[in-house]
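J.: Sequence:
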Amino acid sequence: MSTPDPVPMYPIMLNVSDLTTFVVGADAAAADRAAVLAEHGARRIVRFEGTLPTAADFAAHAPRLVFVTSISNADKAAVRDLATAAGALVHVQDDIPRCDFHLPARLRRGKLLVTVSTDGAVAGLSRLVRDYLAHAVFGVEWAARVDELAQARRVWKSRGLTMNTLFEAIADHVTGRGWLPRRPQRPTEARNES
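Per our numbering, the sequence shown starts with residue 1, numbered consecutively.
It is possible that some hints are incorrect.
Straight line, CA to CA, 25 Å or less: simulated SDA-like cross-link-like pairs of lysine to any residue [stated by the list, open to error]:
| # | residue 1 | residue 2 |
| --- | --- | --- |
| 1 | Lys-157 | Leu-113 |
| 2 | Lys-111 | Leu-19 |
| 3 | Lys-111 | Thr-165 |
Derived from the structure by calculation, the hints contain no laboratory data. None of the values given here were measured: they were computed from a predicted structure.
Please put together the full structure from these sequences, using the hints given.
T.: Written out as structure tokens, the structure is:
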């Protein structure tokens, strides 16, 4: 039996601070998921270690996100059904058909967040590319660089620069300091980041 091709996912940055999130599993992956959620501001994390959430738990807490790690396939299906019925989005580790969303490999340098994904097709490759970028392109110095650019951008905006001229000013700043090997060309299909 062949595995279906992964569905292309829409990338999004999500504010999890006020979202109730269930983390189901008693393994290190579940603990890591809860810790990373907390690092990203999640304040309403409900852990299920050695137990499964029930319909009453879903009704009482109304989670928006559900993360599932090491439980049996039958239990994964049951949790997925409850979560879907409650309107929650589900991520089941290493089980693409049961996922509403994937988690990219992440590289954080202060406010700079670089993510790499293969739409769930080859998670190991995402981690390899992330590690390459961490060592060869985006070292720890990028945290301070982002802060420097953010401060400069605020000044430029206060002077009335438009989105296009802001991009040019940022590109000139990065190029002038030699932070990237050459001036990036603005792709015509790119959407402006606000």
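J.: Against this structure, judge whether each hint is valid.
T.: Hint-by-hint comparison with the structure:
no. : hint              : result
1   : Lys-157 - Leu-113 : holds, 22 Å
2   : Lys-111 - Leu-19  : holds, 21 Å
3   : Lys-111 - Thr-165 : holds, 22 Å
In the structure shown, no violation is registered for any of the earlier numbered hints.
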